[in-house]
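Residue numbers (this note's numbering), protein chains in the order written: chain A, 177 to 600; chain B, 3 to 215.
I should point out that these hints are in silico values taken from the structure, not numbers from a laboratory. Everything numeric in this text was worked out from a predicted model, so none of it was measured. For glycine and all other residues, C-beta sits at the position ideal for the given N, C-alpha and C. Keep in mind that a hint or two might mislead.
Looking from chain A toward chain B, a few residues come up when the C-beta cut is under 10 Å (computed) [stated by the list, open to error]:
no., residue
1, Glu231
2, Phe351
3, Trp409
4, His412
5, Val413
6, Asn416
7, Met419
8, Gly531
9, Ala536
10, Arg560
11, Leu569
12, Lys600
Listed next, with one range per pair, are the computed distances between beta-carbon atoms [claimed, not checked]:
no., chain 1, residue 1, chain 2, residue 2, range
13, B, Leu34, A, Phe403, 47 to 57 Å
14, B, Arg93, A, Ala195, 40 to 50 Å
15, B, Ala73, A, Tyr303, 34 to 44 Å
This is what each chain is made of:
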Amino acid sequence: MTGDVTIPDPLELERAEEARLRVAAGLQPAERVRSEYAGFESVGLPDRPPQTDREREVYTLAEGEMLVNMGPQHPSTHGVMRLVVKVRGEVVTDIDPVLGYLHRGIEKLCENATYTTVMTYVDPMDYLASMHNEHAPAIAFEKLYGIEAPRRAEYIRALVVELNRVFSHSLMMGFLALDMGGITPILYGFINRDEIVDMLSAISGQRMLFNFFRVGGVNFDANDEFFSRLGTWRSHVAKNVEMSERVITDNEIFRARTIGMGVLSGKDAISLGVSGPNLRASGVPFDVRKAHPYSIYPELEFKAITQPAGDSHARYLQRIAEIKQSIHLIDQIVDKMPHGPVQAQVPGIIRPKPGRAYAAVESPRGLYSVYAISDGGPNPYRFRMRDPSFVSLQAIPKLMPGHLIADTMAVMASFDPVMGGVDK
Amino acid sequence: MANLRRPRPAAGGLGRRRSLTARAGAGALVRLLLDRFGDLATDLWTDEDTVEVRIDGTRNVELLTVLRDDAELDFFYLADAAAVDYGPGVRFEVVYHLYSDKHPAWLRVRANVDRDDPHIPSITSLWEGAMFHEREMYDMMGIIFDGNRDLRRIYMSPDYRSFPQRRDFLLPDDAADSSAAGVNPLERPETWDLTRVSEELAPGVIDRAEGQS
């Protein structure tokens, strides 16, 4: 912010003091670049003319308004993201999300990798749903190549993605409470997560970036250690979930800060492209597992759960309901799992016929889809990933005006965005 | 090579999965589309779970409005919007994927865009959620969406001047082997020359803004 400032800038005083000390020590004065962040003064105003009408609107301050910079290193932005929040007193009037701090260009990297090595690149995208990240490309490439995974491989895939969904949702419950100042639930969430992660590391050999799916199957068959851990976990998971529920759901502070907060109507949610649990919490029964069934989901018995309210509390209740649903699905999958091979015969480098394929899966954060184009070569001509957190993030500037600044993080946590996915 | 295309028949019931994802009934959708957009007949294409329509970029708003609002079509959800570059001298394509609970198939709308003058109408008036998609396409491919009021870089920094997902933007590994090695710079150097940034990145907006103040 410019203008006739008469109070000395503390930052400038500090720098002057540092320069004085350097000179006293016989050193050269340090050179300063004008801007600390790329393109922005430390107070948050861009040091260049606005590029669009919207940017001009955000960075024009009315009487009594100021800009507050949140992030990129803010502990509760769930990754590296920056929100420029325009406030009047304690009330938010506008929000401008600034993305790209975690951008790795995964789409471009995948277009320069062979079909089989793409699976290793997509893992770190939405790092709490790595199994889902691999599932969509696997389906898309199988469509392109005209190959089918064996039945047992499909069952193992469904099993691991449902396990992944359970741990992602348990963490969401914990982080939501953490962003409101409750430390305990995240510990319960991590107990649940660690058990599942140990299980998945037994089957895939990795704790976080599994690299487990293959074109035409999965990397390893389920082994004894996996099933043993699964049985142990299954014997007490209901109690574990109930424990987190009892800590959070009826907590007075939690209820006060979630009920009626960030109410998103079904119509707005559809228009904004919100998907997954967040959309279903607004009453729209859109679940890709039901809408366009893939893998073995047509054989399993379940229905799309919805909540009527559309507020933060509904989004939280939706997560709990989906954890229970996933456990129910896991029971069915283990029950029905056939014997047989887990990997079809696929060469190391595949060259699908020219064509296009679209594959969508229901990730813990919503509709995750891959659009792959083959030109007959060994790597995808175009590899497009639609990440649900990226699109859902647009709801935040829409919902927050009128709410208190302290609720920004609470509402954002209820959408459960993962920045690895947002920034690709 | 050909015998590797199909999985070998083995225990465990191979060869059933296609029937699990493939769902009958896309024919009704194709007939409906032919009825509503008769002049697009030659541009329809289907596979097991997708129906594809190819249109000219200038018609995208008109067509998508009908697809969204028609009671029988009812494609109310924009699942994805992405850009594809078919290489220098060929064309861009903006690809929309739509979902409807009335039809058993995804609908893919491929809109052609001139590569030398990449302009296409924005669909943010139909779906607000298209905003981030369009900003990403602008950032990565350099396609200008007319009518989008927030078309600026989303991933790269505001002064960045290349479009990284275009086909002629080579990664260093490939660039070293290409015929253009040592001739074409990979990225245009970044600059803080503000006049140039404003002219190139946001034609018209700055002038308008300056005029108002």
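I'd like to know which numbered hints this structure contradicts. Please list them from smallest to largest.
2, 3, 4, 5, 6, 7 and 14
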